[in-house]
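What follows is each chain in one-letter form.
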Amino acid sequence: MLKIENLHANAEGKEILKGITLEVGRGQVHAIMGPNGSGKSTLAGVLAGRECYEVTDGRVLYEGRDLLEMAPEDRARAGVFMAFQYPVEIPGVSNLYFLKAALNAIRKHRGEEELDAMDFMSLVKTRIKLVEMDESLLGRAINEGFSGGEKKRNEIFQMAVLEPALAILDETDSGLDIDALRIVARGVNSLRSPERSTLVVTHYQRLLNYIVPDFVHVLVDGRIVRSGDRSLALELEDKGYGWLESEVGTATS
Amino acid sequence: MARTESKERVSPSGLAALAAGIAAPEVLWLKRLRQSALRRFEALGLPTTRDEEWRQTNVQALGEIRLTRPEVATLSRADLDTMPAAAGLGCPRAVVVNGRFDASLSDLDDLPAGLQVEALSRALRSRPELLEPSLGRVAPFENRAFTALNTAAFEDGTVVSIAPRTIAETPIEILHVAVAGGLSPAIHPRTLVVAGDSSQAAVVETYLSLDGEVHLTNAVTEIVVGENAILDHARIQWENDRAYHFGAVQARQARASRYTNHNIAFGAALARNDVGSVLEGEGAEATLNGLYLATGRQHVDNHTILDHAAPHCPSRELYKGILSGRAHVVFNGRIVVRPGAQKTDAKQSNNSLLLSNDALIHTRPQLEIYADDVKCTHGATIGHLEDDALFYLRTRGIDLDEARTLLIRGFVGDVLDRIAHAPLRARLAERVLAATAPGTAAGGDA
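The listed protein sequences derive, respectively, from chains A and B.
Numbered by my numbering, the letters in the first sequence go through residues 1 to 253 in order.
Numbered by my numbering, the letters in the second sequence go through residues 1001 to 1446 in order.
Don't read these hints as lab results, they were simulated from the structure.
To give an idea of the interface, some chain B residues facing chain A are shown, with a C-beta separation under 8 Å as derived from the structure: (1) 1397; (2) 1402; (3) 1413; (4) 1414.
Not everything, but these chain B residues come out facing chain A in the computed CB check (under 10 Å): (5) 1386; (6) 1391; (7) 1392; (8) 1393; (9) 1406; (10) 1409.
Here are some chain B residues the structure puts well away from chain A; computed CB gaps all over 12 Å: (11) 1031; (12) 1056; (13) 1059; (14) 1061; (15) 1065; (16) 1121; (17) 1166; (18) 1311; (19) 1379.
Quantities reported herein were computed from a predicted structural model and do not represent experimental measurements.
All C-beta atoms in this analysis are idealised placements derived from N, C-alpha and C, irrespective of residue type, glycine included.
All chains, please: the whole structure from these sequences, using the hints.
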């Protein structure tokens, strides 16, 4: 489904990603872990199409297409979704109106009819229950005045409505208390299917107790320094990132 | 106000001469009023940028136009149909062409009971006693050259009178059409709205140009809001981009009255609007909403004055606008709290969205507070469409153009949502989106 080959990317002229190669198969859940500044969010941003990054080498194939050539909205329409680490507040634009515009743009791309108001509302009401989000937030402006937890739930709620083929969760767990974390994880798990892949970007192992990954990759200084199964995440929890960082340090010096 | 005699000042003699040529109706008080207004205009002359109130708005170009007294233009309904913004709003309408009330184009058969809309010239003959306390007395011209000029020069206009306790369910529209025809007419529409005690009504004034030629529109609207009365007043200025527009709206509010003004400025070549209300009676409430859209080299200047002269009066002011191209916008919001106007609660904000790097906005709050138990707040913001917000919307499948539209609609949403009449609200929203769409002068540089 997603094939990243030797990806190099700069931010503000500085190289952040230094050759990432990774393949995510259909139905798989991959976790990308790493310390601060290792390039996790840059990777997520490059995949979603954030313009402030410059890809200097490598390529990314999504369903066989060159993902990096696609505009952010085209990626979304093709089934890529990113849950933001810091969801943006947009005053004056209602959550519901926005979500309807988004869903219909995606449906139109798939050659499906636009949902009418009734069908849309019934879809919304089912999906909002998955994340136990207050319905009153639907009528409010996007993320405006939402608490940190509400913003993260809103991301997963949007994901549940838009039903992407590839979901990228960028530190969705950061700053969440254990209850909110469980709710968010339950939302994500309910969308798991053999057709859908997930890339979980996180700093902490804790989320992976709830969203159990098939593969874990550790990103240090812009490179994947180790890949393994779930036990790698547990090892990291015990030892921290230090041992891997020093290993990389000796390898590159 | 600082005035200086200077050689650069445009001689007002041409305009004054036009005014002097107009026959006033045979009413003595009005004759005197117009004579003193003419003298005042001659003494003041056209403002220069040395006048404190006109520092950012240069009207010198007016002096270079050979203005004429407007022809009596006869329009057909088919002519009106050529202007999309003149399409009916589903409510009774008075049509004023070049400052003269046109009964044949007006649709006033289905006026709500208690509501009267008639030509100013006719009202002056039939019931001058209604007009005498208000006409020329609500809008001061002592320090205002353009109001003085209008007072001296208006040929006709519109009087809306709302009887006490009348509740009008639909608004009344007054459509002002300027027909320039290459003659550069100086048009002076005059409007008076008297809302009786405990009445409730809405008035929509629309100012349009029939053609794309130069004209001067110098309009004055006086509003009297009786005790416990509610008046909603929208003023839509939507003329061609060669027009010069000066518009003054002055309201006077009695006890427990509510006046709401929506000042919609879609721009002429140069538009200057002065909107003010005097809160004379205890518990009166004023709301000033503003929306400006300026593109190309348009100049839009909004000056507002909320004059709190009585205690327990809240006022709310929200002015928002979108600038693009090399547009120049001025917002000057003055709030005066007179001695004794305790418990005044005034809030003002001005937010501008810049779609280009060459647009310019001057925003200035001006608070003059002479009472000690009051609450006055003000704030101004100037911003661009945020890249983060655009990106967020795009990652959900919404394309760049639609994302921009969503953000722009979101920006003006709170001002537009306050316009109660749905057909008008929809028309204005459509205009905002059309004018800022990609491919237009405003949207092109995004």
